[in-house]
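Novice: Using the sequences and the hints given, assemble the complete structure.
As you go down the protein sequences, you meet chains A and B in turn. In terms of the numbering used here, the first sequence has 153 at position 153, counting the first letter as 1, and numbering is strictly consecutive. In terms of the numbering used here, the second sequence has 1131 at position 131, counting the first letter as 1, and numbering is strictly consecutive.
Please keep in mind that the hints were generated in silico from the structure rather than gathered at the bench. Possibly wrong hints are sitting among the right ones.
Said to hold, decoys possible - Beta-carbon label-pair distances, calculated as ranges:
hint, chain 1, residue 1, chain 2, residue 2, range
1, B, A1104, A, A144, 43 to 49 angstroms
2, A, R9, B, A1341, 55 to 61 angstroms
3, B, K1159, A, N119, 16 to 22 angstroms
4, B, D1177, A, E121, 48 to 54 angstroms
The beta carbon of each residue, even a glycine, is placed where N, CA and C say it ideally should be.
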Amino acid sequence: MSRPSFRPRPLDIHKKLPILKSIKDFEDDDTPTSTRTHMLRLVAEHDNDTQVQHVGSKKTASEIPTPEYLVVDTYERDYSPTFNQPTSYLRARGVRAEIGEFVEYDLDNEDEDWLDEFNKEVKILPDEKFETIMFKLEVLDHKAREKAGVITPTFGAPIPVLLTFDAAVEVNLTFSCKTI
Amino acid sequence: MQPLEVGTRVLCRWRDGKHHPVKVIERRRLQSGGPNDYEYYVHYTEFNRRLDEWVRLEQLDLDSVENDVDEKVEDKVTGLKMTRHQKRKIDETHVEGHEELDAASLREHEEFTKVKNIATIELGRYEIETWYFSPFPPEYNDCLNLYFCEFCLTFMKRKQQLQRHMKKCDLKHPPGDEIYRSGTLSMFEVDGKKNKVYGQNLCYLAKLFLDHKTLYYDVDLFLFYVLCECDDRGCHMVGYFSKEKHSEESYNLACILTLPPYQRKGYGKFLIAFSYELSKKEGKVGTPERPLSDLGLLSYRGYWTRVLLDILKKHKGNISIKELSDMTAIRAEDILATLQALELIQYRKGQHVICADPKVLDRHLKAAGRGGLEVDVSKLIWTPYKEQG
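Specialist: In structure tokens:
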């Protein structure tokens, strides 16, 4: 989109500008801009020929190619149809780690590999229980060190987990009523 | 045969079955192959680098190889080693949308992010090819595919990890307040300070599809507006925009993204319109943070054109740019740029006038495309952000 380089005077954004509604309004003078007025009129007169221009600019949008995507075939199994939308707008709850029993720990590759090895002969420890243990260890370890003043609460930066004997004992106590 | 050098220009068969000119950006040996079996990371010189990809030798037309690989020259501005071709590529192809970036920072950016790290992600119903590099934590360096929980946006390396996660994840929508609902479309406002992990995950995800996004680890300062399509499985993100809680430069939008499976359906236009509706409620004018991407610029130009020309068509009497700005919350500079680009502001008889011949306006409106989904302001239940406590 080019625009003429000459701009006679800076435009005052507070000044009311006349709106010229008709091509005729443009023609009552003989300023050097008449060439463009002529072009404008041509454009306006060819109002039935809109296709050419229209296609041109529409093409720009559809011509920007983008990478592709696929539909995941397990989607309907992985995500259950159990959502009931209330009639009122949904409100945020507290952060879920603070409100309930949600286990905010997902086993990663190393965990899974270790667990496979551990359960090789007899299945001793189910996935979900292992996640719960890791989650509690992380939380308790963090709390223990925060209490000891070793770490101060910080935003953003991840805090490395350093397992201590005390935290492990406490987790063990939490689980003592159930068999691991 | 000898493997091709980085910097080689050659023709490559693309997904349309035709050959297109590419430049070799990087190469790596195939694990299964012999010592000279490589695959190549290529940039299609006709396209944006979001289409850069790894290709096999069979896709390359070896008769078209240009063997003038340049010697490395030290770039005076950045001190980065790069070939003349690389420099030329940057100089030639990165004008649109990157005007505000100086050459030095652009080159540094390109060097650091030249190869996509993650190739595809799974997010809800879709497996999506990524567009750009995203700085995931180092433990994800060896990952080609990532699996995102579509609700809390936690990402994992294996499908079974996602499936285990889905059994326990209790979220069915973004973890914020729903502030708009119309039919199956809902908008959620998520406070980055209250939902740090969600905000960070969203940024990692978005960076895969945005070239010039700064990844703020400090998401506290932002609000995220997440647009969803809702059904009996939950509220599925189709796109979002972020907004600073307090902007010195009167930005009303920081980043905007429509996820690829939902593009070209009018959601991007909806997000833009929504950002201006929020500005109107705040009683402020706003503008998007720069630089805008090619797709972003196109959407904004379309939005500004539609809004301003609709007013000019109906308006009786004179009007100032400031009045247009007050009516629309569009910044005066953006209004001027739009009207001047369409050559609607002219100087005659010693004063500026707005040329608003209905036929000309209609032509521009048609070219600007459809407005997409309308924002029904009566369904927006929202108060501007206020610091608590």
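Novice: Each hint: holds or not?
Specialist: Outcome of the hint check:
Taking 43 to 49 angstroms as the suggested C-beta distance range, the pair A1104 (chain B) and A144 (chain A) conforms, at roughly 47 angstroms. As the Cβ distance of R9 (chain A) to A1341 (chain B) is approximately 19 angstroms, the hint placing it in 55 to 61 angstroms is violated. In this structure the hint that K1159 (chain B) and N119 (chain A) lie 16 to 22 angstroms apart at CB holds, the actual value being about 20 angstroms. In this structure, D1177 (chain B) and E121 (chain A) meet the distance hint of 48 to 54 angstroms, their C-beta atoms being roughly 51 angstroms apart.
Going down the numbered hints, you'll see the structure goes against just number 2.
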